[in-house]
Amino acid sequence: MKEFKFLFAIWKTNLQSAMEYRAAFLTQAIGMMVNNFIYFAIWIIFFDRFKDVRGWGVNDMYVTFGVLASAFGIVSLLFGNAFNLSDIIAKGRLDYYLSLPRPVLLHTIASRTIASGMGDFLYGFVSYGLSGYFTWDGLARYVLATLLAATVFAAFLILTQSLAFWFGMMTNFSNLVLNAMLTFGIYPITLFDSYAKLILFTLIPAALMGAIPAEFIRAFTWQTLGELLLGAIGFLTLAIFTFRMGLRRYESGSAIQIEV
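Heads up: the sequence shown at position 144 corresponds to 718 in our numbering, and the numbers run straight through without jumps.
Please note that a few of the clues may not be correct.
[Claimed, not checked] Within a straight-line C-alpha distance of at most 25 Å, the following computed SDA-like cross-link-like pairs (lysine to any residue) qualify:
1. K576 x S591
2. K586 x F614
3. K579 x T601
4. K625 x Y671
5. K665 x W740
6. K586 x L672
7. K586 x W740
8. K625 x Y707
9. K771 x K579
10. K625 x H681
11. K586 x Y707
12. K579 x L672
13. K579 x Y707
14. K771 x F614
15. K586 x G712
16. K771 x Y671
17. K579 x D711
By construction, these hints were calculated from the structure, which means they are not laboratory data.
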């Protein structure tokens, strides 16, 4: 409870800071919603031509894109520093968080809000509402699936960007894997063979951010719920472990201790 109160205090401060410039906040949120619509319009045109791709239609894509957008928005709003954690590590900016009596990782990633994330978060619900799958129990599954997908996404960001403890500046690599996660997350899982699916559940867990949550939202099964829970818990545990192992190598002033 103490840590939750701490998180709420940070989020409240971040929101107050963002809302100080309300016009800019609203502009970024609305702009991101428009950007998402333009991007998704490509899929609308595609499915208007082909109708069905191995059992997936445009309505399924509405759900998939919706949960991916909302999950991305949650991480952007609540844990914005997860996107530039490698820079914070490599440039020695962890010193500030290490000097305070709070969990270092939690404090670091929660200390920034990306205003445009509100547009992603809201657009996801709009997309789900337009999918034709909307039901009240489906909405409950949508919220749960979004939270679990956001957990996987945040853990993946922490895991990959914590490599900066060993390899220094990882900006280009971080952007590469982020784009891969978002790109493959929107594709129907039925397009991939068994080897590609293995990658999309492990090295780049895009399936756990898009296709699998979408399947769970469309129809409840214990298998899809188990896959989402296992993925969220597993990747979060691995991310925390990797960050803590890397923190042992960290030295003030952006110097990374190299073991010989």
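Report task. If any of the earlier hints don't hold here, list their numbers in rising order. Result -> Violated hints (numbers, rising): 2, 3, 4, 7, 9, 10, 11, 13, 15, 16, 17; every other hint is consistent with the structure.
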